[in-house]
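Q: Residues per chain are reported as follows:
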Amino acid sequence: MNATLESNNHRSDRVKRAIQVLSESMRGLAAFHVNACVRCGLCGDICHVHQAEPVPENLPGAKMSKVAAFYRRYHTLLGRVAPFLVGARDITESSLEELVEHVYGRCTACGRCSLHCSVGADIASVIKAGRNMLVAAGLVPPNLQAVVDNQLTTGNQMRITDQEIKDTANWIAGDLEMEMGLGQIEIPVDRQDVDFLYLVNPREIKFFPLSLMSAAGIFRVAGASWTMSSQFCDVTNYGLFSGDNQAAFQITQNVLDEAERLRVKRIILSECGHGFRSFRWEGPDWRGSPYPIEVRSVLELLLEYLEKGTVKVDPTRNPERVTLHDPCNLVRWGGLIEPQREILKRCVMEFVEMTPNRASNFCCGGGGGMLSMSEYGDRRTLSGKRKADQIRDTGAKIVATPCHNCADQLLDLTKKMKLGVSIQSVTELVYNAMVVP
Amino acid sequence: MSNQKIEFDPDGFMKDPHLWNDEVALAIATEEGISEMSDDHWKLVRFIREYWLKHDLAPAVRLICQETGLGVRTMYKLFTAGPARGACRVAGLPKPDGCV
Amino acid sequence: MHVESRAFRNRTGAYSRGIGCQMNRLLVLASLLWTGISLFTQLISAWGGGRKTSAVRSGDPWRGVVYNFTSTMLPSRKETASHNPGNFVAGVIMHVGACLSILQIVLVSLLNHHFSIPILFPAILLAGMTASAYLLLHRIRKTDLAAISVPDDYIASVMTLLLMCVAFLNEINSISHSQLTAFAILFFIYFPLGKLRHSVFFFAARYDLGKRLGYRGTYPTRGQSLSQHGDRSDERHS
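Protein chains in written order, with our numbering: chain B, 1 to 437; chain H, 438 to 537; chain G, 538 to 775.
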């Protein structure tokens, strides 16, 4: 009896927190968009998930209405007195559990629907509010939560030790020396008083070092003064994906503190879609104050090198046809759209755009934390179909991808849908074309 | 597959990594588009497997390359899907965390 | 063009005056006030002081807002429009008809004043009614849409259709002043309660997203924004 009572109390606490967070997340942002939706149902065709699996649940408007139903119940008159009329729903333990699949499992929060919505409702921001709620209720899918926890406890999403980071830096530097023949090359770790702190996706250290190697090679030629950090090396921020603003803030602040400790002048972000969005745009808002330091993407830095002639390239070294994937969080939500194009036009012989492109690109299917949630693996692969078709249509041999998260999804698609393309970061292509003095 | 039904998660990683054996590895390798597992393939896979059994973690690519004596670029030729979704999968590991 | 402007007459030709009429006007005024105040309150509470960003901007927020109220609403930039031309055209016509109807009904019920352009106004209202009926049928017929629809969606559609019917009947002098007024009161009581509130939140939403994406430099967009309608790979194989 007591146990039941206790668990009921616990439950109502969780529900109470969710109700509280819902109103906080909605205010000043998502509330406009929830109230603008007229459920016209025209958004299905815009969404890569719905295209691959056209069921009503995959309509962006339907996913949004799952969150909207809660909003209406607590924030509108009809929702309070006659919930059935407006499809309003109580927030309960079970309705929250149901929401998980809709906002995490059927949506990558890519926001393509936000830009094409018939009334102009930002559907993705409402989905985000739904995720905020589920964080408060402790219902984040465990595999996604694990990555956030890794970041908070070990400083990076893959639990790489500081020793491993140093050893890998040395090892890559050794390989680079052999490849470039420029004598001793160093990949500095934890060096103070340098120009910039270079944040990498831990994937570059653990599994795919070619992009880090390429960056180090380019920095060597450009004569850059830089460092990596063995404590907070990570450009990613899975708090953005899970909807955990508190964790996201902490992850951002850890890096800023590290930059201060190393007394660097700026932070350069390696190619990462959501990392750029988090550090560049959301971070200052999580903090509630501007950064004391400049934050830029490596793409902007590379373009600067090329424009100034600090780094010279020979496009004939990339003779194959190259196309470019636009990561949603970098392009649509990050506004970083042209530098990668300018770079590729200088570094490759034949550059072709996908259709559609830039802010209207299709998500690769692996965004929004989808890549780390195995439980939705089948849907993730399936929803990459549109991207696979886009790639095939270009006839390209190389897909340049300024995001490691997208790169993994595209690698998986290449394998499963037999695309016969190679997936490379922009940095790798620049390194490939670079004329070593 | 020797009378035993092996289950995979939707990402293609083994649900019960302890059911792994050479036969399973060969089957996954075929899925990966590896027509024949060379000595180098086996060397990589066995190292990853042993490391995981000891540390409950996939080894970093540096360790893999240094311990097997293979270059990075060679490794990507052996496993085109890379060490995580390629080699770790063949070695019967569960899916590594994060952006992979 | 002949513009007709007259005080409202009922079917018998007599001007509506008298105490009953004054009472009706007051009720219309009250329902209009209710709509206005309610929508305004909702808007303010949704805004909640807004959100200020501390990030350094890289684009122009105001250009983003302008862009989000112009180009992005056209089929050349909006896939919901380009992939569903029928719905887009019907939607535009329905909204023109509805806005005209609201204007006329307010004028007639409140100021007893009828303003019209013969042929043009009845034609717009007829087209609006047709478009509205088409969209309602679309909602009922399409399984996808029916699955996400709630009673409010049908109520709103029917109310909008009725709104234009009333305005049309008024155009052809086939509705009494009291009937029109009664509808006006009912309509404006319902207006802020259901999804018709999108009439103000549409502006808020477009303003908010336009400003945010303008600030970040995403808007105005360049490049190819539209994808082909339907399944491309099937086309290729056929």
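Please note: incorrect hints may appear among the correct ones.
Straight line, CA to CA, 25 Å or less: simulated DSS-like cross-link-like pairs of lysine-lysine [unchecked claim]:
| id | chain 1 | residue 1 | chain 2 | residue 2 |
| --- | --- | --- | --- | --- |
| 1 | B | K166 | H | K491 |
| 2 | B | K415 | H | K480 |
| 3 | B | K416 | H | K491 |
| 4 | B | K397 | H | K514 |
Calculated from the structure, these hints are not laboratory results.
Q: Check each numbered hint from earlier against the structure, then list the numbers of those it violates in ascending order.
A: When the structure is compared with the hints, only number 3 turns out to be violated.
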